[in-house]
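Make the complex out of the two chains shown on their own, each in a separate frame, by following the hints.
Residue numbers (the UniProt record's numbering), protein chains in the order written: chain R, 1 to 242; chain P, 1 to 378.
These are computed hints drawn from the structure, not numbers from a lab. Everything numeric in this text was worked out from a predicted model, so none of it was measured. C-beta atoms are modelled at their ideal positions from N, C-alpha and C, and glycine is treated no differently.
A few chain R residues facing chain P, derived, Cβ under 7 Å:
#, residue
1, F54
2, A68
3, A70
4, Y72
5, L83
6, K87
7, N172
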Amino acid sequence: MNVTPLARRPLSCLKSSLRQARQQKIFSRSMVTEVQAAAAATPKTPSQSPDQNFYRLVDKKTKTIRSAFALYPSTSAAAGVPLTPPKTTNPVAALHEFQIKKLDPTGARTALFARTREAAKVGDILLVTHRRGGEPFAGVCLSIRRAGIDTAVLLRNHIGKVGVEMWFKIYNRNVAGIEIVKRRLKRARRARLTYMRKPKHDMGSVAEYVSAWRKSRRVFQTKGAKGKTAAAGASGKGGKKK
Amino acid sequence: MAPRLAPAVGARLTWRLPLRPSPTSFSPVLRTSFSTTSPQNVKLGWSTLPSRAKPTRFNQVTSGLPAPTTGPAAALKRKAQSTPVRAGVLAIKKGMTAFMGLTGARIPCTVLQLDRVQTVLNKTRKDHGYWAVQVGFGERDPKNVGAPMLGYYEAKGIAPKEELAEFRVRDEKGLLPVGVQLMPDWFYIGQRVDVRSNSRGMGFAGGMKRHGFSGQEASHGNSKNHRTIGSAGPSQGSGSRVLPGKKMPGRMGNQRVTMQNLPILMIDNELGIVVVKGCVAGPKGCVVKIQDACKKPPPSEEFIEKTMQALKERFPNAEEHLQQARERHLELKKARREKRIEEILAGGWEPTKEQAEMMERAIAEDGHESLGEEQATL
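With the rest of the complex left out, here is chain P (with noise of 0.2 Å):
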């Protein structure tokens, strides 16, 4: 029974067969014409209804009506108003001290250091669904780096990071030129900051202290049950069972915890410090992110722009910097899987004779000369 298809489907079908032997289009053709289920991704919403149901049907853009208040596109709306223009950076907790005002105020503050935080990816809502920015901090030995991120640090053409965040931003605006660092100067005095990071952690903890339990008596007749957490819950009647969510003991602490609208009180690109009044969850020690506050305005237009600029003077070589690392490890990676890594570690390698041919066809089907020969010349 052919009418269960669409007739435009069929039609595309039929359109579409005579490519099928090409191997670029054959695939994403058929995927798109048969798949059962209704197609899902960022463009078309995540919707399950059925294409045919059309929900949207009864408000079209001619028809006056205001814009929907549901469905994929207003969420994505929704989010982007809480979610920070720009992104944030990576810092150590380097614990807590005094800020003494000099009208005698004396304000608790915490100390966050940065070590070497860079930039190391933008991702786009047409690739990964979502604007944000990777950031990495400090150094990592490489002898403690698997090989697939050895590769990927290689591609970007940077040292192998510490720790590696990412940070949502609200859209392609707030993304960064890869490999750049970011300085305590990212920020302004004065500045509202969410500070997150994982408090310590306190192991399998009691009722007592996990939820604040008020424990049993010490006396009256009370024998070993004095920081039990007593009753889970009525009897018989109302379902004998616990219900879901019943506070009882177990795991504490090393959960996300976030400090929203912390005021900076202090900046210093050499000591790579931020100080932010009062405290901030884990030891010391713990990797914290630090980020413009969501439930404040974002900073002005201009200190954005003078951040963004800043960011231009000092790495004015960024994006030539990240495409030869590209090639390089396209190079590298064809290298690795033909196992000729080892003559190029020697520095030894020369093309044989068949790898010449197949380089000059190569150079003949782009019908350019490669970059390497143009290098040369130079």
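Just chain R, same shape as in the assembly (with noise of 0.2 Å):
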């Protein structure tokens, strides 16, 4: 009708497999939902029914529609088929749920870091044991650095004199187990304890309360388990025994 002969051309030749389409089209159209079914419509005949799906262009003295625009709505794509915009506008929070969910199925680790009173705090002396042996590394929790799956712990010992402090992802499958050694008799007043660095208030080994806290974890394995290490789970009940 108001198509220009330049447009009209082409169909011409493709008429007849259009025409099938089309009639397929009726059927397509009948399951779609009301919205897009106002889209993908084509009015050939613009007397049929007001087309709310225009955008106007209203001049801004006269108040009248100086233009109007067709506009498809987002959600159909192509012919209708729906465009799926992303579930969730923060992916960063949902990787890291979800990988939390693979490192972690017990949520045993999260719960030792959570911010809960039963958690383990800064101030803290911890214990981290690797998977592939090796001398477990215990420590005072100076910062807990949270960040989802790369949340972090920064402990610091003294090893032969000298201080030294290590950084441990807490859900990496290289540390088998995270244990609270002693806790601290008050709560620590700083989020990171820096200034434990200082000679003034440096606690110098922690080994010495390691051993006490081994002496009593021993009281509760019997003689002939002694050889079987129980790898501790990361809710410090499971009992490490070197």
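Written out as structure tokens, the structure reads:
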């Protein structure tokens, strides 16, 4: 009708095929929802019904419609098939959740460093055991860096009268277990206890706290089971013996 | 002095002259025969040599010599080698985090999110001079879109996009159906991709920050010149001038940076994310372009086939939808020109007697019933 010959020329060649497609389209149109149907419908006869899917350019002074453009809803992409926006606008958090679920299925590690009363805090003495053997590392926790899957703790100890600090990623597979050896008596009033590096506040070696804790654990273990190390769960309940 | 013109041109001119009244054939003939410069386009090459020089006459196809390694054709062939086979996608940088491997490896990674990425336009060598796919990202409020672009999206049958970008592809095999959505599964885990984005803008930065100059001494008589760049070059004898390209203070950052060959660690269609190893330039929220790495072999034929098949299955009516949108666009465009758009909006538009007659005449001229009638009968 109003189509210029320019657009009509290729159509005439494809007419037979297009006619078939159009018959099929009747069914699909009845399937889709109201909004999409309005978008997919081609008002070849503009007199049919008022089409709401227009964006009107209004003249500011005269308040009359200067022009209008058909607007296709963003929910329909091609022929009424809905476009799927991503489920969340914060996929980093979702990725953290996904990975934590995989690497910490019991939720023990998450609970150990959650913001709860029972959880480990800065100032506590923690013991970290490695998966691939080696000496477990104990130290006073100077800071907890919470970053989802990348959450890490900084432990400080003295080895041979030399101060040693180590970061541990709590969800890393190489970290077999994290246990609380000794809790701090009073809650620390800082988030990061960097002052503990100063000689005045330095705790020194935590070896004696660890050995005392080991002795107390040994009470609950029989002599025969000494060799079998119950590889520590993160909750601190599973005793770790060397 | 007539012999200045080649005899062939004159012959063509006399032969074409009777066609002058025809409006369609007139202008091209005139342009081709009377142009003072040698014609330049994709087919003929961009050479500025006069056509009579014929630099290729010594290396004819029949001469048995190898194909020339210079010239437009050879240049295009060279360029094709480093152009990806497939188009890429647009995404937003959402931030960096760690990817914990099951063997204890911790891999720093960047999360890129795709939001309603759609193909908008195919560019062809015939029409545009190169093969490319224009891709749109996100959603934009139509009130923030100008009238020309509203018409553009109307003709494509898609909603206004937040961003548009082009991805060059090697040949016509890389072109995609218009309007389809590209999801993260356009790539596969382990694939190497190039990620392009604008780096963080640093503003006007000094020589020390911008180019890593050493600065100057803190003492030894230095006064108020601790971070200045010092000399800009030798003096008399070397020209007493600053050489072009001298590193100086100036605007730093906000330049396009390509991170090449980043492996993909994870894809998720639901979250719309592509997680790549390592860092990507730019702040969080910046738009990035992800495309197959141009310095690695392209994805396998089977994989490309699989992705194309998936597009067809997800959007079976893409072509038909585009065709309908185009028809509707032409109709509305005409209505806008004739100031009939308000009638269409009101829905009360009836063709006047003259218009009806005109339409009938147009139909009769075309020799077939219009599509509108055809649809009405269905």
